[in-house]
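*Asks:* Just so you know, the protein sequences line up as chains A and B, in that order.
The C-terminal residue of the first sequence carries number 107 in our numbering, and the numbering is unbroken.
The C-terminal residue of the second sequence carries number 233 in our numbering, and the numbering is unbroken.
What the hints contain is simulated information worked out from the structure, not anything from laboratory work.
There are no misleading hints in this set.
Below are the EDC-like pairs computed for lysine to aspartate or glutamate, each with C-alpha atoms no more than 16 Å apart in a straight line:
no.: 1; chain 1: A; residue 1: K26; chain 2: B; residue 2: D93
no.: 2; chain 1: B; residue 1: K100; chain 2: A; residue 2: E30
no.: 3; chain 1: A; residue 1: K86; chain 2: B; residue 2: E178
no.: 4; chain 1: B; residue 1: K94; chain 2: A; residue 2: E39
no.: 5; chain 1: B; residue 1: K225; chain 2: A; residue 2: E39
no.: 6; chain 1: B; residue 1: K102; chain 2: B; residue 2: D127
no.: 7; chain 1: B; residue 1: K102; chain 2: A; residue 2: E30
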Amino acid sequence: MTLIQQIITIAICAAATMITRFLPFKVFSEERGTPPYVEYLGRALPGAIFAMLVVYCLRNLSLIGGNHGLPEILAVGCTVLIHLWKRNTLLSIALGTAAYMILIRVM
Amino acid sequence: MTDTQKQALKAAFPQTVPVLTGFLFLGMAYGIYMQSMGFSFLYPLCMSLAIFGGSLEFVTVDLLLSRFAPLQTLLMALMIQARHFFYGLAMLDKYRGTGKKKNYLIFGLCDETFSLNCSVDVPEGIDRGWYYFFVTLLDQLYWVSGATLGGLLGSLLPVNTEGLDFVLTAMFVVIFLENWLKAKKHTTHLLGGAASLLCLYVFGADSFLIPTMLLILLLLTLLRKPIERGSEE
Numbered sequence: 001m002t003l004i005q006q007i008i009t010i011a012i013c014a015a016a017t018m019i020t021r022f023l024p025f026k027v028f029s030e031e032r033g034t035p036p037y038v039e040y041l042g043r044a045l046p047g048a049i050f051a052m053l054v055v056y057c058l059r060n061l062s063l064i065g066g067n068h069g070l071p072e073i074l075a076v077g078c079t080v081l082i083h084l085w086k087r088n089t090l091l092s093i094a095l096g097t098a099a100y101m102i103l104i105r106v107m
Numbered sequence: 001m002t003d004t005q006k007q008a009l010k011a012a013f014p015q016t017v018p019v020l021t022g023f024l025f026l027g028m029a030y031g032i033y034m035q036s037m038g039f040s041f042l043y044p045l046c047m048s049l050a051i052f053g054g055s056l057e058f059v060t061v062d063l064l065l066s067r068f069a070p071l072q073t074l075l076m077a078l079m080i081q082a083r084h085f086f087y088g089l090a091m092l093d094k095y096r097g098t099g100k101k102k103n104y105l106i107f108g109l110c111d112e113t114f115s116l117n118c119s120v121d122v123p124e125g126i127d128r129g130w131y132y133f134f135v136t137l138l139d140q141l142y143w144v145s146g147a148t149l150g151g152l153l154g155s156l157l158p159v160n161t162e163g164l165d166f167v168l169t170a171m172f173v174v175i176f177l178e179n180w181l182k183a184k185k186h187t188t189h190l191l192g193g194a195a196s197l198l199c200l201y202v203f204g205a206d207s208f209l210i211p212t213m214l215l216i217l218l219l220l221t222l223l224r225k226p227i228e229r230g231s232e233e
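Assemble the whole structure, with the sequences as input and the hints as a guide.
*Replies:* This is the structure:
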């Protein structure tokens, strides 16, 4: 690839990202307002998306073979329990990550 | 900086600390990867500034090393980034009335910034728009710094930080959990989780996101009445 082709490739990737980010805001602009169905989606989507993002982070976990995804499962469990106990976001994330880093070294 | 902005920055920064950790680490990994493929640090610097989407940036490295194929690049990038369309729908209301900043808020709406800004109750007395703005700006700053550092220092860094990227997984888990605990009913969380797991099983780790999003959209549309009756908010 020449330098110009590289620049074009990067520009296309940037443009595609911007399309996906700006499209909803351009289609449903502040002036034109939002149809009730889309407003409903705006309310209903976050819960579903947060669940999807958790699954997405753990997508490469393999239950068969290796250590059966145990470090991930245990570290997520640890994060959840600490969070239910203290309800302190940073603490849960820090200890959950520490647990994971220890687990992958000892398992 | 005005007092309003200072207060918003002060309120926003602590919330972004997990992203700081995760992005510096992953950004560096990305910069190191580009350097190992023979690219100068200017590439990760420009790409993290212009594209600002981690998974696509990694894929772009492969694209840059292959034959020039603009149409294929466009389609691939749109598919990888399609989830941002969902984020936009969920943020339409929250980003309303944020003025000129709004364009930057939308430009920087990555997974992590979306999760933080979508789940937060902006504290009393803090300007909402500026709060969102600083979360977005700090998150991008972390990513660009990490990527550029990685590109500059390459594999010189003495590291045994294996597993540190789990910080982002833990953050998404906590954000999900908080959202779950605050909601009266959990239909949408369960639907999202079930749809993701089903599609992951059927389509595999590399291509389950788009089917998942379509399935979530379908389920939410079909079940609109019962879900609205339960009034999730």
